[in-house]
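*Asks:* This is what each chain is made of:
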Amino acid sequence: MSNSKRAVIIIIIILLLVSFYESKRIGIFCFGDESFLCSFGTGFSLVSENVKSSLGLAGFFNNEEAFWTNLKKSPKIFTFYQENSPINTPIPTLNPTPTPLPQKLKPPYKIIIVGDSFIAERFGVQLEKKFLQYKETEVFRKGIYSTGLSRPDYFNWNDQIKELITANQPNVAIVMFGANDGQDQKTVDGKVIYYSTKEWNEEYTKRVASFLDILSENKIFVFWLGNPMARDDYYRKKMENLNSAYEAECKKLNNCFYIPTWDILKDSNGKYSAYLPDENGKLQLARTSDGIHVTIFGANILVEGVIEKIKTKMELAQLSD
Amino acid sequence: MLFPTFSFFLFFIVVLTLSWYLKRKPFLWRVFLLISSYFFYANWDIRLLLLLIFVSIFNFYSGLALEKIINVKKKRIILLSAIGIDVFVLSVFKYFDFFQNSVVEVLARVGLGSNFTFLHLILPVGLSFYILRAISYNIDIFRQKYRPESSLLDFSIYIAFFPQLLSGPIMRADEFLPQVKNGGTKNIDNLYENFALILSGLFKKVVIASYLTVNLVDNVFSVPENHSQLAVMLAIYAYAIVIYCDFSGYSDMAVGFAGLLGFKSPVNFNSPYLAKDFQDFWRRWHMTFSGWLRDYVYIPLGGNRKGKLRTYFNLMITMFVSGLWHGTGLHFIFWGIGHGLGLAVSHFKAEILKNSPLSGSKKTLENILSWFITLNSVCFLWIFFRAENTQGSLAIIKQLLNWNSVVEPIEDYSIYMIVFSFILFALGSKLKNAFILLERRLPLALQILSIAFFVIILIKLGPDIIPPFIYFKF
Chain A
1 MSNSKRAVII IIIILLLVSF YESKRIGIFC FGDESFLCSF GTGFSLVSEN VKSSLGLAGF
61 FNNEEAFWTN LKKSPKIFTF YQENSPINTP IPTLNPTPTP LPQKLKPPYK IIIVGDSFIA
121 ERFGVQLEKK FLQYKETEVF RKGIYSTGLS RPDYFNWNDQ IKELITANQP NVAIVMFGAN
181 DGQDQKTVDG KVIYYSTKEW NEEYTKRVAS FLDILSENKI FVFWLGNPMA RDDYYRKKME
241 NLNSAYEAEC KKLNNCFYIP TWDILKDSNG KYSAYLPDEN GKLQLARTSD GIHVTIFGAN
301 ILVEGVIEKI KTKMELAQLS D
Chain B
1 MLFPTFSFFL FFIVVLTLSW YLKRKPFLWR VFLLISSYFF YANWDIRLLL LLIFVSIFNF
61 YSGLALEKII NVKKKRIILL SAIGIDVFVL SVFKYFDFFQ NSVVEVLARV GLGSNFTFLH
121 LILPVGLSFY ILRAISYNID IFRQKYRPES SLLDFSIYIA FFPQLLSGPI MRADEFLPQV
181 KNGGTKNIDN LYENFALILS GLFKKVVIAS YLTVNLVDNV FSVPENHSQL AVMLAIYAYA
241 IVIYCDFSGY SDMAVGFAGL LGFKSPVNFN SPYLAKDFQD FWRRWHMTFS GWLRDYVYIP
301 LGGNRKGKLR TYFNLMITMF VSGLWHGTGL HFIFWGIGHG LGLAVSHFKA EILKNSPLSG
361 SKKTLENILS WFITLNSVCF LWIFFRAENT QGSLAIIKQL LNWNSVVEPI EDYSIYMIVF
421 SFILFALGSK LKNAFILLER RLPLALQILS IAFFVIILIK LGPDIIPPFI YFKF
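The listed protein sequences correspond, in order, to chains A and B. Counting from 1, one number per residue, gives the positions in the first sequence under full-length UniProt numbering. Counting from 1, one number per residue, gives the positions in the second sequence under full-length UniProt numbering.
One or more of the hints may lead you astray.
Not the full set, but computed from the structure, chain B residues with beta-carbon under 7 Å of chain A [claimed, not checked]: (1) Asn182; (2) Glu225; (3) Gln229; (4) Ile457; (5) Lys460.
By construction, these hints were calculated from the structure, which means they are not laboratory data. For every residue, glycine included, the Cβ atom is placed at its ideal position computed from N, Cα and C.
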């Protein structure tokens, strides 16, 4: 057999074998690519999951996944603690059942900022930097690209937040999701719930509630940030729908404060604008070319808007004061 | 469509199968190669394809004109115009952000509104690389190194060949074009070497680069003031590993995929962190790019033929251009100048040692010391390369020198990964050879199973999120 034929055979069989074995992770290797080529992958993934279930192999694959996850969580022998830090003193407890909404939260604060690409880059970075300017405030940020609450099969934020709580013992959480969530939802066991259906809304609301439950159980006060206005109608409608879910779920709890960001980046006519004036009135690029994300300039505007709202609930004093 | 994606592998299977099938009909094969490359590129953004086609056609005809015209003065004008237009195209897309705000403001003042998102030009992926190929082609024709390509089809394949389109290696026309003629090679020469390269590239990218980026580098570099001195130091070393694994991983895969299609590509990396000085580093790092800078910037400036001082000056200018090619920010310029200084020091040291060479144990000690200083200097300069801007670079350096920084837990896995990576860099070629030897001895079924096993292991070891390739933004 010639090497060229051999190469073709090897690659075809390997793609099938690996895609079958790693069916839950095909999405990762699509890099958010929604092309028709990748839809073959997601289709194959569903078929593989069904075959695994029908052969009674689902348990094996779940255990195997858990094995690798545990393997990658090595004990932290390189952990050090700062002895003199005023912030690492005992973690303050918030009023466990504040009614109706808590009075201003008392410092010191241990804040975790979590979410998708908004948190992973510019906005999250600028928000983290902003908190570093305040007294008695420690902040930890975890933003993960291409994630959200729609696809726990791809990235499970409920598991992640539990780990982050254990590691950082926060008393305040700032949460922002949505940029990737306007898509069909998959349950952990692979069931698909199609977007724009009543079932989808119900399932998504449940996920928001379940995420909030974890934070509530740990007596963490939550600032849930809505998404800013998007350029394209297609995304705008998705964002509006998601924002209303966050707001509704947040309002049910005493430890959650919803912060709408929809209007923070609008122009003087109340519309979406890629460019916004700076303090000198000079126009600066505020939004990225996708019409969703923000530039550093836009991020700073967003941070100021959000911090203003957060200050109504937290006593944030500048380090230099 | 990135290399380590399901979509790409599906695309590649179709291209690989049809490519070998069509080899018997060379013209159809070449048309197919071009269409495949254009499909691959259009998958990013179909509008970018027009630019790629424009660059191909323009440089094809400028090459022909350079041969036709005999008058040297006119020839020089054509060459400079061709280079000028290529550089202009690159600059418009690459450096547009520098002046876009002013343009928008003018438009807003004349009542054209402020919502011109199209003015925020995205850098067409791969543009920096295919422009360098086009420039080298024109200069080589001018220097009469080879004759211009007579087939627009073949030249377009040279510019757009998909495995090398996005991030190189930057092949010269006289290396690539003969491989397209007459249907190219009729069989794959080094099948298992190509598989080894693809697997090594996947491992470097999916396991090492992705893990360190997601878990250490990105967090520390974005807000260094919120991290400990130890974390900052580790993040700098980690970034040195990330940039190497990310870029050389891509190059390995590019060479491997091209190899499976029957194309031989030049080596782009050769254990750069084992370099004993900056000169040695640039002979091992992004070799097709450093070769390009040598042939088309350093030598035309006079190289080392015009005295010592001029040599140092030429080195500085060459590395300044290198910095500018990577981006417009001052931090890239600092990075380039830093490397220019490093190269000048290497040359100076070589001059001194030429007159009084070291021997025996002194030589060994000098080599070790020189390697250590080079490695740490290169890692230090990566700070400027990775940071968002100069301010960001200085923030990292400030935190690196902050002995009262916060203390934080560092994930062990990141430390293991850093140590493991350096060991792997030292053992890389031995592991590759062992893999090739093993695969050659196995029957087909076991070859498939063993490769599938390696792929699954590397997917398991990687993080859940794979960040995009770093060099796509250059």
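*Asks:* Taking the hints in turn, state whether each one holds.
*Replies:* Status of the hints after comparison with the structure:
Hint status for B/Asn182 relative to chain A: violated, with the closest Cβ pair at about 16 Å, above 7 Å. Interface restraint check: B/Glu225 against chain A, minimum CB-CB distance 6 Å, threshold 7 Å, status holds. Hint on B/Gln229 is violated. Least Cβ distance to chain A is approximately 11 Å, over the 7 Å limit. Taking 7 Å as the C-beta cut-off, the interface hint given for B/Ile457 is violated, the closest approach to chain A being about 9 Å.
Annotation: B/Lys460 was flagged as interfacial toward chain A, and the flag holds, the nearest CB pair being 5 Å apart, inside 7 Å.
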